[in-house]
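A.B. asks: Listed here are the chains, written in short residue letters.
Number of protein chains: 2
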Amino acid sequence: MNAAVTETRWLNEVTWDDQGLVPVIAQDAATGDVLMFAWMNRDALARTVETGEAVYWSRSRRKIWHKGEESGHVQRVREIRLDCDGDVVLLKIEQEGGIACHTGRRSCFFTRLHDGSQWQAVDPVLKDPKDIYK
Amino acid sequence: MNAAVTETRWLNEVTWDDQGLVPVIAQDAATGDVLMFAWMNRDALARTVETGEAVYWSRSRRKIWHKGEESGHVQRVREIRLDCDGDVVLLKIEQEGGIACHTGRRSCFFTRLHDGSQWQAVDPVLKDPKDIYK
Numbered sequence: 010m011n012a013a014v015t016e017t018r019w020l021n022e023v024t025w026d027d028q029g030l031v032p033v034i035a036q037d038a039a040t041g042d043v044l045m046f047a048w049m050n051r052d053a054l055a056r057t058v059e060t061g062e063a064v065y066w067s068r069s070r071r072k073i074w075h076k077g078e079e080s081g082h083v084q085r086v087r088e089i090r091l092d093c094d095g096d097v098v099l100l101k102i103e104q105e106g107g108i109a110c111h112t113g114r115r116s117c118f119f120t121r122l123h124d125g126s127q128w129q130a131v132d133p134v135l136k137d138p139k140d141i142y143k
Numbered sequence: 010m011n012a013a014v015t016e017t018r019w020l021n022e023v024t025w026d027d028q029g030l031v032p033v034i035a036q037d038a039a040t041g042d043v044l045m046f047a048w049m050n051r052d053a054l055a056r057t058v059e060t061g062e063a064v065y066w067s068r069s070r071r072k073i074w075h076k077g078e079e080s081g082h083v084q085r086v087r088e089i090r091l092d093c094d095g096d097v098v099l100l101k102i103e104q105e106g107g108i109a110c111h112t113g114r115r116s117c118f119f120t121r122l123h124d125g126s127q128w129q130a131v132d133p134v135l136k137d138p139k140d141i142y143k
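Protein chains in written order, with my numbering: chain A, 10 to 143; chain B, 10 to 143.
Because the hints were derived from the structure by calculation, they are not lab data.
In this text, all values refer to a predicted model and were calculated from it rather than measured experimentally.
Not one of these hints is a red herring.
Same chains, same names: a pair is fine if it fits in one copy or spans any two.
Calculated cross-link-like contacts (lysine to any residue; reagent style SDA-like; alpha-carbon spacing at most 20 Å): (1) K101 - T40; (2) K101 - S126; (3) K136 - V83; (4) K101 - A38; (5) K139 - E105; (6) K101 - Q127; (7) K101 - D124; (8) K101 - H123; (9) K143 - G77; (10) K139 - D94.
With the hints as extra help, turn the sequences into a complete structure.
C.D. replies: This is the structure:
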């Protein structure tokens, strides 16, 4: 088998959806906190492995998105996992700056359902987004 | 405001995709391990809150799926979170039987990328699926 085939076989083993994407969960490697959820295409996953930093596919901007390219809040990848159907990726990461969310919070999942009837923001803003995105 | 409106407002605050679904991450409430990933429609999320157990929408079978209905491996929901865009749900759960995956493993994310080139199953099968799904 030639090198090119070997290099891309693991990418072929991912079950890409009909848009060529796979959902990705980013989890703090140390604390286990789920920090964010995003999508990758084949190129994004390949670049994530090459660079050791999370590279996603932005569905809204329709382009490759190196997480932290503006904010500096890059995600250093410690481990990559795939689920039993091969169609979901889990990244265990080290979050630069301790802030994954564009709102300036540690995690994007800062909203909790209270009493089964009301969403409440329960985690603090660590840094004003105006100071993150200058 | 009448009761019916109050009861469903929190469901309206979820950003459902064009198929009326939202991706859901199920995380072990005690250990922080990510156990599985699935989808919910509005009815599934409402039933999850009503029953206190995870109810998903099976995209392959196109029906409501009360997790554990066959295996007994129900997921008792301790907390429900929503992400910053309102389009991803995080469940913190207590996993009955300690097995979330249909392969008999604790987590569906038992496959790890080794050396950036090879997927390897690294977590043990705790129970033979033949003994789970009789």
